[in-house]
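Using the sequences plus the hints, can you model the full thing?
In the UniProt record's numbering, the protein residues as written are 1 to 462.
These are computed hints drawn from the structure, not numbers from a lab.
Each residue gets a CB set at the ideal place from its N, CA and C atoms; glycine is no exception.
Treat the hints with caution; some may be incorrect.
Quick list of simulated restraints, FRET-style, between CB atoms [stated by the list, open to error]:
#1 Glu383 - Leu129: 19 to 27 Å
#2 Ala14 - Ser210: 29 to 37 Å
#3 Leu129 - Arg309: 51 to 59 Å
#4 Lys275 - Asn370: 42 to 50 Å
#5 Thr225 - Val99: 38 to 46 Å
No farther apart than 30 Å at their CA atoms in a straight line, the calculated lysine-lysine pairs in the DSSO-like style are these [what the hints assert, rightly or not]:
#6 Lys275 - Lys258
#7 Lys438 - Lys455
#8 Lys275 - Lys232
#9 Lys258 - Lys220
#10 Lys109 - Lys21
#11 Lys166 - Lys258
#12 Lys220 - Lys232
#13 Lys232 - Lys166
#14 Lys232 - Lys221
#15 Lys258 - Lys232
#16 Lys275 - Lys220
#17 Lys221 - Lys275
#18 Lys298 - Lys258
#19 Lys258 - Lys221
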Amino acid sequence: MKNRETVLIVDDDAGFRRAWKRILASDGFDVLEAGTAPEALTAFERARPRLVVLDLMLPPSGTPEAGAELLGRMLGACPQAKVVVVSGTGDTALSLSLVRRGAYDFLAKPVDPDVLSAVLARAHARLVLEDRVRDLETAVPTEAGGALGRSPAFVAAKDLAVRAAKTDVPVLLTGESGTGKEVFARLVHASSRRAREPFVAVNCGAITPSLLESTLFGHKKGAFTGATSDAKGLFVEANGGTLFLDEIGDLATDLQVKLLRALEAQEILPVGASKPVTVDVRVVSATHRPLPELIASKAFRDDLYWRIRGIEIALPRLAERSEDLLVLSQHFLNQARALVPGAGAPRLSPEARRCIEQYPWPGNLRELRNEMQRALVLAGGREEILRDDLSPDVQGTATPLEGATEHDDDEGGSLEEKVQRLERREILRALAETAGNKSHAAERLGLSRQGLLNKMARFGIR
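And the structure:
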């Protein structure tokens, strides 16, 4: 059966390429090959394959740095691509560095055919699952796609986003990592007149400055080593639609000047070009860093700040959305069913709900989503998620009451037990609001530091 997926094999060894072309073609893949970095970049830009086998030591330079740069260019152009790096060196530090930069896996030469086949099969399966999740998310309304909640802070942020969407005013999304900034960016786009046009996202902190300029603005053939053809850039790809600049606080200062010019004039200058290109793009920016502090330290331009901050929307931490925890947990459980074959229709037991409500969720929505995926796997097909299916950290925030079972009423118990639950909630809230600083939390609660530690030990809070 044909996989309908293309694999690009990049290696200067023609024998290696021929052997793997035969193997992968028999597995149903379409196979492209390249022997040098420029050839690889050209093939990638033309076909945009989502599976790549990349030799790190490529001509003409033959250095790991050049291979790493090629990896960055590929992932910058196609973030969902799974790039398997192969190299004659088994350098552990190098392999970890490349995986941190986005490589799917790292294999040392000589490559075991069975191992590489298994890695590519796993990467392809991951692509299929990601496609299924995207299809599910686009098949349902935005509410079920992540913009869920009834807490006052969330409702206010969502209302502001929808109102801002009716205009072309730039939007700046602020808040901790994992609070759903890209979900809000997509909400702004979907609620705007540009909804039928492209939504293009880029993480400004994930690409080196030299690569980010050409990624954003495009480049002309010959503009730099490896530029073997013209590239449009993300501003042009988003023309008519929305460009989401995530982690804009990480943008290099020289690029900030060029971005400011693009936003003010609605025109860009591709790298190596002499004439600007006119674009029509609505920009939504996001950052978890305090931009006023970056401005004070000269790391961010104040004129760019005021240009992107047409409307600022501060997204609340999950710890500030206690009313939304259970509905979000159920949403992520339902969503995770696409990733867990055979999973039933899961529901949360009373003890599991108590743990979820009392945990501070420092990783916000991202942590909650991962926790629900883990719980569904550990449930092993059961339709009820129990306390024991949750990770130890989440379990540790809510010790079972004496004599309580998974099926006790969540709000039941004696007056003393209800007071204990209230105490636990207040301690967890204070710890969340002070980022885990026990002295400050104790001060907020009117306790001594030792008194707080005693209560944390009593309630099993770690």
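task: Kindly indicate which numbered hints from before are broken by the structure, ordering the numbers from low to high.
output: 3, 5
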